[in-house]
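Asks: So the chains spell out like this:
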Amino acid sequence: ELKVEQNPLFLSMQEGKNYTIYCNYSTTSDRLYWYRQDPGKSLESLFVLLSNGAVKQEGRLMASLDTKARLSTLHITAAVHDLSATYFCAVDNSGGSNYKLTFGKGTLLTVNP
Amino acid sequence: EAGVTQFPSHSVIEKGQTVTLRCDPISGHDNLYWYRRVMGKEIKFLLHFVKESKQDESGMPNNRFLAERTGGTYSTLKVQPAELEDSGVYFCASSPQWGANVLTFGAGSRLTVL
Numbered sequence: 001e002l003k004v005e006q007n008p009l010f011l012s013m014q015e016g017k018n019y020t021i022y023c024n025y026s027t028t029s030d031r032l033y034w035y036r037q038d039p040g041k042s043l044e045s046l047f048v049l050l051s052n053g054a055v056k057q058e059g060r061l062m063a064s065l066d067t068k069a070r071l072s073t074l075h076i077t078a079a080v081h082d083l084s085a086t087y088f089c090a091v092d093n094s095g096g097s098n099y100k101l102t103f104g105k106g107t108l109l110t111v112n113p
Numbered sequence: 001e002a003g004v005t006q007f008p009s010h011s012v013i014e015k016g017q018t019v020t021l022r023c024d025p026i027s028g029h030d031n032l033y034w035y036r037r038v039m040g041k042e043i044k045f046l047l048h049f050v051k052e053s054k055q056d057e058s059g060m061p062n063n064r065f066l067a068e069r070t071g072g073t074y075s076t077l078k079v080q081p082a083e084l085e086d087s088g089v090y091f092c093a094s095s096p097q098w099g100a101n102v103l104t105f106g107a108g109s110r111l112t113v114l
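Residue numbers (our numbering), protein chains in the order written: chain A, 1 to 113; chain B, 1 to 114.
Among the hints, erroneous ones may be present.
[Said to hold, decoys possible] In the DSBU-like style, the derived pairs of lysine-lysine whose C-alpha atoms are separated by at most 30 Å in a straight line are:
| hint | chain 1 | residue 1 | chain 2 | residue 2 |
| --- | --- | --- | --- | --- |
| 1 | A | Lys3 | B | Lys44 |
| 2 | B | Lys15 | A | Lys68 |
| 3 | B | Lys78 | A | Lys68 |
| 4 | B | Lys78 | A | Lys105 |
| 5 | A | Lys17 | B | Lys15 |
| 6 | B | Lys78 | A | Lys56 |
| 7 | A | Lys17 | B | Lys51 |
| 8 | B | Lys15 | A | Lys56 |
| 9 | A | Lys105 | B | Lys15 |
| 10 | B | Lys51 | A | Lys41 |
| 11 | B | Lys78 | B | Lys51 |
| 12 | B | Lys78 | B | Lys15 |
| 13 | A | Lys68 | B | Lys51 |
No wet-lab data here; the hints were simulated from the structure.
From a predicted model like this one, the values you see are computed outputs, not experimental measurements.
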């Protein structure tokens, strides 16, 4: 059974600081997703990582994937308050059919002024 | 483009009652999914529709849960009778039939069973 572990689960950081959220998964997978959720809102897709060594960046967020280590990271650069949200990683467990995602528990990020 | 819409946003019912959750996917999306997050746990897959057909319902917890997608448009998820452990947030998502299928999620329906 595929397991996805995120850490940390809670992250409180100051504006301007850098930090990394880690996502480990237990079996091989075709795709890895990062989602963001604001309270009461939908899960917003941030990144889709498709291959070993993939790196994607959007603003202050950068995601990478190491399929050999079964590890993805979400790096936050110079955090700002607007980044406060819950971040989920999810792994495609459908054998390439791309619908049966297995999620981590989520990382609640709070960026303090 | 309208996103995935879910109704109600929050429902509070008593144990033994029935609740029906509704999901309107993005227009033209053939794939529709239901996921659930129970308090403190991961978001878990429930089932997947392709148009009106159930493609995979391996995540449905038990026969108290019934999902339908008549006509291949909106979907309903009925819980009857509801139990305390059914409390959680039920997410619906949709994606196109072809292409890089990033799932677009709705805001979820929070169910509280007392």
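Asks: Each of the hints needs a verdict: does it hold here or not?
Replies: Tested hints:
1. Under the criterion of a C-alpha separation no larger than 30 Å, the hint pairing Lys3 (chain A) with Lys44 (chain B) is consistent with the structure, at around 11 Å.
2. Using a Cα cut-off of 30 Å, the hinted pair Lys15 (chain B) and Lys68 (chain A) is violated, with the two alpha carbons roughly 47 Å apart.
3. With a C-alpha separation of about 41 Å, the suggested pairing of Lys78 (chain B) with Lys68 (chain A) is violated against the 30 Å cut-off.
4. At most 30 Å may separate the alpha-carbon atoms for a hinted pair to count; Lys78 (chain B) and Lys105 (chain A) meet this at roughly 25 Å.
5. Using a Cα cut-off of 30 Å, the hinted pair Lys17 (chain A) and Lys15 (chain B) is violated, with the two alpha carbons roughly 47 Å apart.
6. The straight-line distance between the Cα atoms of Lys78 (chain B) and Lys56 (chain A) is roughly 39 Å, outside the 30 Å bound, and the hint therefore fails.
7. Distance check on the hinted pair: Lys17 (chain A) and Lys51 (chain B) sit about 46 Å apart at the alpha-carbon level, beyond 30 Å; violated.
8. Our distance criterion of 30 Å between C-alpha atoms is broken by Lys15 (chain B) and Lys56 (chain A), whose separation comes to about 46 Å.
9. With a C-alpha separation of about 27 Å, the suggested pairing of Lys105 (chain A) with Lys15 (chain B) holds against the 30 Å cut-off.
10. Proximity of Lys51 (chain B) to Lys41 (chain A) is assessed by CA-CA distance (about 25 Å); at most 30 Å being required, the pair is judged to hold.
11. Restraint check for Lys78 (chain B) and Lys51 (chain B): satisfied, since their Cα atoms lie roughly 18 Å apart, inside the 30 Å limit.
12. The straight-line distance between the Cα atoms of Lys78 (chain B) and Lys15 (chain B) is roughly 14 Å, inside the 30 Å bound, and the hint therefore holds.
13. A C-alpha spacing of about 36 Å is found between Lys68 (chain A) and Lys51 (chain B), which places the hinted pair above 30 Å, so the restraint is violated.
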